[in-house]
Amino acid sequence: MTTTEPTLPRKAGRRRVLGAGKQLHAGPVTYVVLTVFALVSLGPLVWTAIAASRTAGRLAQTPPPLWFGGNLFKNLQAAWDQAGLSTAMFNSVIVAGTITVSTVLFSTLAGFAFAKLRFRFSGLLLLLTIGTMMIPPQLAVVPLYLWMSDLGWSNQLQTVILPSLVTAFGTFFMRQYLVQALPTELIEAARVDGASSIRIVWHVVFPAARPAMAVLGLLTFVFAWNDFLWPIIALNQQNPTVQVALNSLGTGYVPDQAVIMAGALLGTLPLLIAFVLFGKQIVGGIMQGAIKG
Amino acid sequence: MTSPKQALAHPASSADAAPGTPPGAARDAHGRGTQPGADSWRSRLYRWDMKASPYAFVSPFFVLFGAFTLVPLLYTAWYSLHHVQLSALDDQTWAGLDNYRNLWSSEFFWNALENTFTIGVISTVPQLLAAIGLAHLLNYRLRGSTVWRVVMLTPYATSVAAATLVFTLLYSWDGGMVNWILHFLGVGPVNWRESDWGSQFAVSSIVIWRWTGYNALIYLAAMQAIPADLYESAAIDGASRWQQFRHVTIPQLRPTILFTVVVSTIGATQLFGEPLLFGGVSGSKGGSEHQYQTLGLYMYDQGWIIGNLGKASAIAWSMFLILLVIAAVNLLLTRRLRKSP
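From first to last, the protein sequence lines are chains D and L. Take the first sequence: its position 156, counting from 1, is numbered 156 in my numbering, and each next residue is one higher. Take the second sequence: its position 322, counting from 1, is numbered 322 in my numbering, and each next residue is one higher.
FYI, nobody ran anything at the bench for these hints, they're computed from the structure. Small disclaimer: the values here were computed from a predicted structure and weren't measured. It is possible that part of the hints are untrue.
[What the hints assert, rightly or not] What the simulated footprint calls covered on chain D by chain L, stretch by stretch (three residues with Cβ under 8 Å from a Cβ of chain L suffice, anywhere in the stretch; the number is not a length):
| hint | segment |
| --- | --- |
| 1 | 41–53 |
| 2 | 59–67 |
| 3 | 108–117 |
| 4 | 217–231 |
| 5 | 280–287 |
Quick reminder that beta carbons are idealized off the backbone N, C-alpha and C, glycines included.
With the rest of the complex left out, here is chain D (with noise of 0.2 Å):
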């Protein structure tokens, strides 16, 4: 259609038809909307960045500041410090970590069930881990609350990892790719070279899996990483994740806003290096299941 384009005559008509759908070019009013979209997207990450440079008696003056000072490494260390971040990051890696991992592997093994074995209930095991995508967590949260209690697990990163290792929406995600990214045949001439399922799983499931595991890896990293609700009531100031942390530091007695800001700045961090490493993939992943969910 592009190459037709310059020899098509100027006429009202005509152009509209080539104004269909998505070949149709950018104009300029569009790339200048799109400019504001994205300054309200960045904006507030890049000012949470000059407030951390600055001292919390410049931060309640008016106009407040729009360029850097030279407090940002005083202030990063003093989030550091007061938050307990080290504990905090080092916490949050191991709970979003082991997350990551658990949900990845086990999603893809129930994901490739889904899709490609036949077995009496499978029909109704898919319908039931759909339907429970709607249950939110805040209704598992009393009865785990207490059994962590009765188990001394209060405070402990068990007691934060243990509801996450699955999702229903793991699964779902796995098993939508693999219908149509694993051939039928490949998994029966494996078969006929006298492959177990195990072997199968190894040497064909994960090979065909592996851009969507790597997707779902990430967005079950960030989502791991940004959980608020059940550290919060799971954990304290103690032993928390880097958001247990970054709320005991908002919620201080005696705030000072660019430390509070240092600390948004670090709790951060991660998930925005891991957005510029991976960017691409994790776009890619939420547009793959969202086509087909």
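With chain D's structure known, arrange chain L on it following the hints.
Chain L only, in chain D's frame:
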């Protein structure tokens, strides 16, 4: 995969066996009498593997999900019918519907329900409208299209805690960026923390900021799946760009719009982190006058600040029932929309 080694290990098996035939059985047919005991053992193992492995693959998900989501769900219902105090966890006595009666006669419950509804509407509606517009722009052929998409999604990477801390400062009464900009526009300063609608708008804006890009990507995916000839025939019929958007894009997006409405509704019903942190020190109250105390916040406040876990369970189940009603209404609407031409 099928390595050469494996093929060598079973030279007879792959030759003329139909797909799905057990390798042991195939060997039986051709190499009878060589190793009958081993072969039948192999074929039995094979059949067992075929039967059991699907269940083995799905069981980790169902065991973990059942243990930590489905079973707790039922226990929450059980606890909602008991007196359970945070200070005496083992001292649980039957309460019947006391917790629910207590809840439904509390003005704070209805206040929280109203706030959840209001904040839900003023965060979901602008968010989804902006997302459709944004998706439409991203659907044009753009320079650096991936960069635009990643930039729009960046707020999604920011945690509730970090985003709310930043917005709280942006909305502060003195020296806050928002009031400073309003001052330039000739509008007096707004008390974003104390005023009724101001604080609800402020909390909603955090939700809108974090989720618009995410929803835009979902709409974009759906837009790219719309067949181009639909637009072409609309254009031939003389439809303007706006008419194409209204009469082709929007109807084609209808299932996706319903999906995002449902997901956003669920999210709005659970709203918790944003109002908690926006409130600062007394966050669980949702402001001095409970202006932005949502149901999620109310549950946390009753359960873990006041220490009445039985009542917190009743709140959780009330939230669930409300969600089920919303889902049912959604389903009915979808059916209606599908039936009408």
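task: Please name the hints from earlier in the document that this structure breaks, with their numbers sorted from lowest to highest.
output: none
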